[in-house]
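Read in order, the letters of the sequence shown are residues -24 to -1, 1 to 234 in mature numbering (1 follows the signal peptide of the UniProt record, and there is no 0).
Note that these hints are calculated values from the structure, not bench results.
We treat Cβ as the ideally placed atom computed from N, Cα and C, and that holds for glycine.
Hints may contain errors.
[Claimed, not checked] Derived BS3-like pairs (lysine-lysine); straight-line CA-CA distance at most 30 Å:
{"id": "1", "residue 1": "Lys142", "residue 2": "Lys109"}
{"id": "2", "residue 1": "Lys44", "residue 2": "Lys129"}
{"id": "3", "residue 1": "Lys73", "residue 2": "Lys44"}
{"id": "4", "residue 1": "Lys230", "residue 2": "Lys210"}
{"id": "5", "residue 1": "Lys129", "residue 2": "Lys210"}
{"id": "6", "residue 1": "Lys129", "residue 2": "Lys142"}
{"id": "7", "residue 1": "Lys142", "residue 2": "Lys23"}
{"id": "8", "residue 1": "Lys142", "residue 2": "Lys78"}
{"id": "9", "residue 1": "Lys78", "residue 2": "Lys44"}
{"id": "10", "residue 1": "Lys129", "residue 2": "Lys161"}
{"id": "11", "residue 1": "Lys73", "residue 2": "Lys161"}
{"id": "12", "residue 1": "Lys129", "residue 2": "Lys78"}
{"id": "13", "residue 1": "Lys142", "residue 2": "Lys161"}
{"id": "14", "residue 1": "Lys78", "residue 2": "Lys23"}
{"id": "15", "residue 1": "Lys142", "residue 2": "Lys230"}
{"id": "16", "residue 1": "Lys78", "residue 2": "Lys109"}
{"id": "17", "residue 1": "Lys23", "residue 2": "Lys109"}
{"id": "18", "residue 1": "Lys73", "residue 2": "Lys142"}
{"id": "19", "residue 1": "Lys23", "residue 2": "Lys44"}
{"id": "20", "residue 1": "Lys212", "residue 2": "Lys129"}
{"id": "21", "residue 1": "Lys161", "residue 2": "Lys109"}
{"id": "22", "residue 1": "Lys129", "residue 2": "Lys109"}
[What the hints assert, rightly or not] Beta-carbon label-pair distances, calculated as ranges:
{"id": "23", "residue 1": "Glu165", "residue 2": "Pro63", "range": "14 to 24 Å"}
{"id": "24", "residue 1": "Thr28", "residue 2": "Gln104", "range": "37 to 47 Å"}
{"id": "25", "residue 1": "Pro69", "residue 2": "Ala12", "range": "18 to 28 Å"}
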Amino acid sequence: MVVLPYTVAFLLLSSLQTVKIANSQSFIGINYGQVADNLPPPPSTAKLLQSTSIQKVRLYGSDPAIIKAFANTGIGIAIGTANGDIPGLASDPNFAKSWINKNVLPFYPASNITLITVGNEVMTSNDQNLMNKLLPAMQNVQNALNDASLGDKIKVSTVHSMGVLKQSEPPSSGSFDPSYGDLMKGLLEFNSANGSPFAINPYPYFAYRSDTRPETLAFCLFQPNAGRMDGNTKIKYMNMFDAQVRVNPIASAKILYQ
């Protein structure tokens, strides 16, 4: 049976959302960026987040100081491999195993690592070699987790930009760019087989910039607005984020069930 992967959306530096087709669930999280000045030390950040309703944190890499700082907090952590690691992960299972040995095993389960993202926006990088190696890299990371008896505890995915879509409005008409062909189908089948999320970086700003309708700004900023009706489903979307999140499982279903 094909199971449609759920979607994790990473929005700017503020929130995460998970949407599952059969059983919807949501949570609030943050992207933990490090390209800034005067950042508080990781233990202070972890302590601050514990005082909030934030349940998830996404790291763009696998900084051991940050991973360790979240030990015993209960906050779920997504860590990531660099795009530059993908060729090695794809070609050498031992490299994938060493990556897990270095970045996961010393910290788990005290640090609640729940997701490993292999690369960021690889499919829209215009690097065909990297795109071709993405799925084998994910498979080797998954196999390394399986060998460590963590395959059912830590999920593996990659993060896409909204640029992988050819059609995004209305959400019910969502479809992936056909130029990605079997590459995207293979990634979706991997997500489905392993119960891992389809992860995206939605960018409401870019939607606003290309949409001249007067109500677009309020729609993108979660401000009061009339909403936008999907004429096919009669579902009204009150903000761009919800619409962008919804379009991805619809586009995924069109590939997995065609």
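For the pair supplied as a hint, Lys23 and Lys109, is the alpha-carbon distance within the 30 Å limit? Violated, at roughly 38 Å.
Does the alpha-carbon distance linking Lys73 and Lys44 stay inside the 30 Å limit? holds (20 Å)
Range hint 37 to 47 Å: satisfied by the CB atoms of Thr28 and Gln104? With a Cβ separation near 42 Å, Thr28 and Gln104 satisfy 37 to 47 Å, so the hint holds.
Would you mind confirming whether the straight-line C-alpha gap from Lys129 to Lys109 stays at or under 30 Å? With Cα atoms ~24 Å apart, Lys129 and Lys109 stay inside 30 Å; holds.
Holds or violated: Lys142 with Lys23, Cα cutoff 30 Å? Judged against 30 Å, a Cα distance of about 42 Å means the pair is violated.
Are the Cα positions of Lys78 and Lys23 separated by 30 Å at most? holds (25 Å)
Straight-line alpha-carbon gap Lys44 to Lys129, limit 30 Å: holds (18 Å)
Take the C-alpha atoms of Lys142 and Lys109, compute the straight-line distance between them, and say whether it is at most 30 Å. holds (23 Å)
Keeping to a limit of 30 Å between CA atoms, is the pair of Lys129 and Lys142 held or broken? violated (33 Å)
CB-CB spacing for Pro63 and Glu165 relative to the 14 to 24 Å hint: Holds: the Cβ-Cβ distance is about 22 Å, inside 14 to 24 Å.
Are the Cα positions of Lys73 and Lys142 separated by 30 Å at most? violated (36 Å)
Take the C-alpha atoms of Lys129 and Lys210, compute the straight-line distance between them, and say whether it is at most 30 Å. violated (38 Å)
Hint compliance for this structure: hints 5, 6, 7, 8, 17, 18, 20 and 25 are broken, all remaining hints hold.
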